[in-house]
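Protein chains in written order, with the numbering used here: chain A, 2 to 159; chain B, 2 to 159.
Treat the hints as calculated values from the structure; they're not laboratory data.
All of these numbers come straight from a predicted model, not from anything done at the bench.
Please note that a few of the clues may not be correct.
Which copy is meant is left open, so a pair is good if it fits within one copy or across any two.
With a straight-line cut-off of 25 Å between C-alpha atoms, the simulated SDA-like cross-links for lysine to any residue are [what the hints assert, rightly or not]:
1. 58 / 98
2. 152 / 67
3. 152 / 10
4. 119 / 92
5. 58 / 95
6. 158 / 126
7. 119 / 63
8. 56 / 46
9. 152 / 18
10. 152 / 27
11. 40 / 95
12. 54 / 151
13. 141 / 39
14. 119 / 74
15. 141 / 23
16. 40 / 145
17. 41 / 118
18. 134 / 19
Number of protein chains: 2
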Amino acid sequence: MSDVLTADAEADAQALQSPFLRALISLIRAQDRFGTWDKKDEGQLLAEYVIDKEKRKLIPIVGDPDPDQLSRLEWFYGAVGLQVESRTGVMASPIMQMSHEGFGRMVVTAGRLVVINKHLRDVHRFGFPSLAKLAAEGAKVVDDAVAWIEKHPDVAKA
Amino acid sequence: MSDVLTADAEADAQALQSPFLRALISLIRAQDRFGTWDKKDEGQLLAEYVIDKEKRKLIPIVGDPDPDQLSRLEWFYGAVGLQVESRTGVMASPIMQMSHEGFGRMVVTAGRLVVINKHLRDVHRFGFPSLAKLAAEGAKVVDDAVAWIEKHPDVAKA
Chain A
2 MSDVLTADAE ADAQALQSPF LRALISLIRA QDRFGTWDKK DEGQLLAEYV
52 IDKEKRKLIP IVGDPDPDQL SRLEWFYGAV GLQVESRTGV MASPIMQMSH
102 EGFGRMVVTA GRLVVINKHL RDVHRFGFPS LAKLAAEGAK VVDDAVAWIE
152 KHPDVAKA
Chain B
2 MSDVLTADAE ADAQALQSPF LRALISLIRA QDRFGTWDKK DEGQLLAEYV
52 IDKEKRKLIP IVGDPDPDQL SRLEWFYGAV GLQVESRTGV MASPIMQMSH
102 EGFGRMVVTA GRLVVINKHL RDVHRFGFPS LAKLAAEGAK VVDDAVAWIE
152 KHPDVAKA
């Protein structure tokens, strides 16, 4: 565990073992085609997802998201898709449409079912107070998506 | 009817009265905030959708779509959404994710239902041999979407 993350280090270390963060980490590692992040440990890989109170104060209220921020958002929902698939056996694909000003829409579909439908704004402020919170939020989104599939399995398999 | 369109002028004139092209025209007019296209008649407004054989031969096989081409694609599916809503009373919203190379995905959702799920490629070649074909293809896509809503009305209203 790197020292980039603090506060409740034990909770964070536990979060790193959660299925959602495992999926997120493997997805990020898979993007690293040139091994640029080989020397980063898992905490460092996810460090930019963590925006604590102090850090958040420094981010302007209004701002345009940069490509790294958009990637983090896409990876988050990509990991959601992976987790949904591993729990239900149904493939779930994210699709995002974003204005350059950082508002837009994220949809995750499974077959003919919309399992996540989220309107996004202030994407340049996307982040979580801690790794534990990131893991918890990811797990919650996955749970919601899985619940939709359980409710309409025929549509999810259509 | 302008002279930008030829071939079967009567079929084209009829097509301009179809519900799909009425929706498409009103959607394009609505984008024209500065009245730039005020003097264009309806045939001219849609002229760029028409790519006949001769015109198609001049388009390279591989190419990146320009913003006008992307707009035409978005208006096409926007008009589909309008028509779906007017026929079913359920709002349908398009969401598009496109690489700069012109492949990607277009999804139209109604409630929790995916009423259109289309993988796009060669967007720089998006067009139809005539206005009549444009109207026919639009109507077909609308029919497909409406059929999905009729099959799963509860999901479309969820």
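Structure-based check of all given hints:
no. : hint      : result
1   : 58 / 98   : neither (27 Å within a copy, 32 Å between copies)
2   : 152 / 67  : neither (37 Å within a copy, 41 Å between copies)
3   : 152 / 10  : neither (37 Å within a copy, 51 Å between copies)
4   : 119 / 92  : both (19 Å within a copy, 16 Å between copies)
5   : 58 / 95   : neither (30 Å within a copy, 35 Å between copies)
6   : 158 / 126 : neither (35 Å within a copy, 32 Å between copies)
7   : 119 / 63  : within (20 Å within a copy, 34 Å between copies)
8   : 56 / 46   : within (17 Å within a copy, 50 Å between copies)
9   : 152 / 18  : neither (29 Å within a copy, 42 Å between copies)
10  : 152 / 27  : neither (29 Å within a copy, 38 Å between copies)
11  : 40 / 95   : neither (29 Å within a copy, 41 Å between copies)
12  : 54 / 151  : neither (37 Å within a copy, 48 Å between copies)
13  : 141 / 39  : neither (30 Å within a copy, 50 Å between copies)
14  : 119 / 74  : both (12 Å within a copy, 23 Å between copies)
15  : 141 / 23  : within (15 Å within a copy, 43 Å between copies)
16  : 40 / 145  : neither (35 Å within a copy, 51 Å between copies)
17  : 41 / 118  : neither (33 Å within a copy, 38 Å between copies)
18  : 134 / 19  : within (12 Å within a copy, 53 Å between copies)
When each numbered hint is compared with the structure, violations occur for hints 1, 2, 3, 5, 6, 9, 10, 11, 12, 13, 16 and 17.
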